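J.: Fit chain B to the given chain A structure using the hints.
The residues making up each chain are set out below.
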Amino acid sequence: MSFTTDARITAAIRPRLPMQLVGGWEVGILLFMAVLYGVGAWINPGFFGTTDALSAVLRDTARYGVMAVGMAFVIVNKELDLSVGSTLGLAATVFSILYDQYHYDLAVGWAIFGALVVGLLVGLINGVLVTRLNVPAFIATLTMLFIGRGIVLGLTGGQTVSYGDKAAHDHWFFGIGETNAFGFNSQIPIFLVVAAIGVVALAKTRAGYQTYAVGGNAQAAGYAGIATRRVRMRSYLLAALTATLAGLMNVAQDKGITSQVGQSAELIVIAAVIVGGASIAGGRGRVLGACLGAALVVLIDKVLREGVPITHIVDVAGVKMSVQSYAQLPGGAVQAFLGAILLAAVLIEPWAIRGGGAARIWARLRGQPAPPPPDLGEAAIAGTQMRGSASEARAVAARGLRAFLARRDSAAVVLTVLLWLVGMALRPDFWGSLDNTFTLLLAFTEIALVATGLTFVIANGDIDLSVGSVLAFSGAAAAYLMKEMSVAPLTAAVLAMAGGIACGVLNGWVTVRFRIPAFVTTLGMFYIARGFAAWLVAGRQLSGFPASFNVIGRNLYEVLDAFGIAPSGGWLLALTQALYAQTLFMGLVALIAGIVLARTTFGQKVYAVGGNERAARYAGINTSAVRVWALVFSAACASAAGVIYVAYLRSFNPSAGMGRELDCISAVIIGGGSVFGGYGTVVGALAGGAVITLIRALLSLQVLLPNGKSFVMPQHWMNVLIGLILIGAVVGDIWLRQEQILSRLFKRRARGTP
Amino acid sequence: MTPIIEMRRIDKHFGAVHALRGVNLHLMPGEILGLVGDNSAGKSTLMKVLTGAYQRDAGEVLIDGKTTHFTSPQDSRDLGIEMIYQDFALCGNMDVGQNIFLGRWPRRAGLFVNRTRMYAEAQDVLMRLKVDVNSVFQKVESLSGGRQQSVAIARAISFSPRVIIFDEPTANLSVMATERLLETMAELKRQEVAQIIISHRLTDIFAVGDRVMVLKRGQAVGDRYIRSSSEREVLELIISGTPDDALTAEQALQGAA
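Keeping their order, the protein sequence lines are chains A and B.
Anchor point for the first sequence: position 314 equals 314 in this note's numbering, and the numbering is continuous, going up by one each time.
Anchor point for the second sequence: position 87 equals 87 in this note's numbering, and the numbering is continuous, going up by one each time.
Just chain A, same shape as in the assembly (with noise of 0.2 Å):
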């Protein structure tokens, strides 16, 4: 056979670089920041207007675009990587560790050793976790978020590392971060090399090519021999590498670390490539979309957060003044806006194209009538998702213990018996007491609450991330309506779970509506509403409410106390103070939802939707409905534990509901739940926030030893522990309850075969 090049076929792919470049979306994207930065130099010309400005932004970006580049292959690939910006942190941290002279003392090069070590074993771990284990890759990934971060914390004791001193011996590896000799930064050489790479990798090589297939349609890539998790993994592990780069090229222009090294900076990334014209379904992106992407959202953050300078007139004991200062946005803005820029561009891909929203739009603006929308294949036959699993088929039949054994949820009320017994052989003098069940009770009564709203989504097959985030919106809101707007408790209790509510039907209105993945919307919230709430918060002292709201958060004897109608003595008075109002609320909430999932037809649709949503729509349900009303209901729940969080503690803190959507995840899912949808109780997760509530006591239990001393696991452990037990959770879930693994392998065995 010979390969006769046909001169149609060289025309057609001879490279058109230009004409194609002028189509594009890059295109687009250089003269929106044209654009924007001609914006920037005209309402701040203090700093845009300088060179500084210029090279500042280039600066940044590199640190980003190299991490952009290792997510444009997870996204091509249709994963998702929420673990970057703690792999950038933990690489600076570990490189921090290693090298500076108050801890190891290390070599640079073994520094550098140590940090790549430990970031390709993060991308090692997701890869796993995600192509070997099963585990949904947001799920894998925000967990290696938290864990990251926890190590992070851990490993830092919280404190600020700084080795300026020592640098200055290495210059050849700390002259990546600073100007060189050409007048500009070395990190940004540093960047357009990756960049080249990965364009040409992804664009021109067998690698790019599995790369796009696996995205489009892994199955058949299967199929035609290309070794998908092998693609999978390889991504995982490009983008924990960049993480790393940008990690080292950060230690390396600020010569040290703080805690917060690399927070958020997967909501830059991740945007960073959708921005860029990559689709969060697959199969679709450029690495040179996403670095300019890069460069347009550190443009965009850089133009929010650089100050505008005016100009305001003081009148001083009768003399005008005019003082010179900077409008500035607080924190938190900047990150709500980022979050929203990266759930817009979540939409351009399939409203705008997919969906012909843009041709609609088009058509109305010269008054032609618009084209109707594209069918979309509302019969198409999928393929059937349908696991077989002998032990449900044996519960049928059981009676008694073993019926309740062959329920999904008897685990986490095992565990929760178990961890208590455990507790109680720990610290006899102290778990049983009184004080200790109150104590727990409370820190369960949050955790329950945001846990048993987050069933109905769960169950309904979608998953919301943005419930911690709620939470602390809805405190925020609460607390700066009362404190700074003087609004009267009820009523701001009122507005604060509207906020909260509302946040969860722009949740469910965006994803039924576009036809966004849950977990893509709710992360947008997770960076918008917490955005919001440090944004209410910025530089705020928020405390001293009115008793009367307080009492949301007090206990019963005092709420009664407040009537007048405490009870003084016996048990009555035992149990008055050992209850709280928010406790009771909760319980109410509870066993008012565990009804409706469980008996009422709506707890049927749910369940119908989590297990097969189009046939549940065949079957009439209106199943946008019944996933908006789960998600506001889990909307609503979180903002009540807002309010209850503000009013117990009496005062704001940013950091309220921070990781909690990690607990109550863990919780449903420990209770039975499924990521993939379809299963999950209130009793469940009751019970499954109760393992996390015990969990988290006995971490931090003082225990006694047998020489006399006491040992307490350090805090900053606690959310990496947290972490492990969540995934812990999925695994055992999809391995154990779902695919059966264990009897599968004891009948491999039986068989004799390998």
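Calculated directly from the structure, the hints in this document are not laboratory data.
The model shown is predicted, which means the values in this text are computed figures rather than measured ones.
What you were told as hints is all true, and nothing was included just to trick you.
One-sided and incomplete, this derived list gives chain A residues near chain B with beta-carbon spacing under 7 Å:
no.	residue
1	T600
2	T601
3	A608
4	N612
5	A615
6	A619
7	G620
8	I621
9	G678
C-beta: ideal position from N, C-alpha, C; glycine also.
T.: Then chain B, alone, in the frame of chain A:
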């Protein structure tokens, strides 16, 4: 006798692709019609136009002689047309009873699911169908493919339909399950339910069908009565039939006589 379903000169485009061109179809009460043809012949598209999952570009759909404009499969269900999809469209996480009453679980006090009634009626439907599914309490994902299909059929039956459309019903079934399915189809015919079977397997259609219709590249290339035709003749139509020399079943019958 009025046909229960009559489709006249149906046209459907998907962008540049002309998926259906002036296709006619009719189905008499209690009749079993096989719909055959190569891949991309337009069989599934025609059925989706019939049920309202797709909107036709031109042509008419008449049910009992009356023109209809279905906008969703729900509309056609209201007139007694049920479709059983290739993947059965069941919720694996729910049990047999819950699946049979998917989306219209019987209610008590307007809010709660009446479980007693649901399972009793589910049991009734399964009995009527004469299929063996161990228990109405069993989760559907723990059933075999054939039994899952029985549940899907039971679900369709519970609407008391007049027409059931099967999309590739035997594609995922074992030989035994196929035998059972054909028995079920014959049972349905005894209960006066008309059926349309989309299939690649002529053997199955010749085992239970009354009439077979051949589509080719979006056009009808003829139909034949099973009793006066052969698999070989239908196969020739599939391979080399043209719309120009298409004969209806009556014409073919007269031609042979």
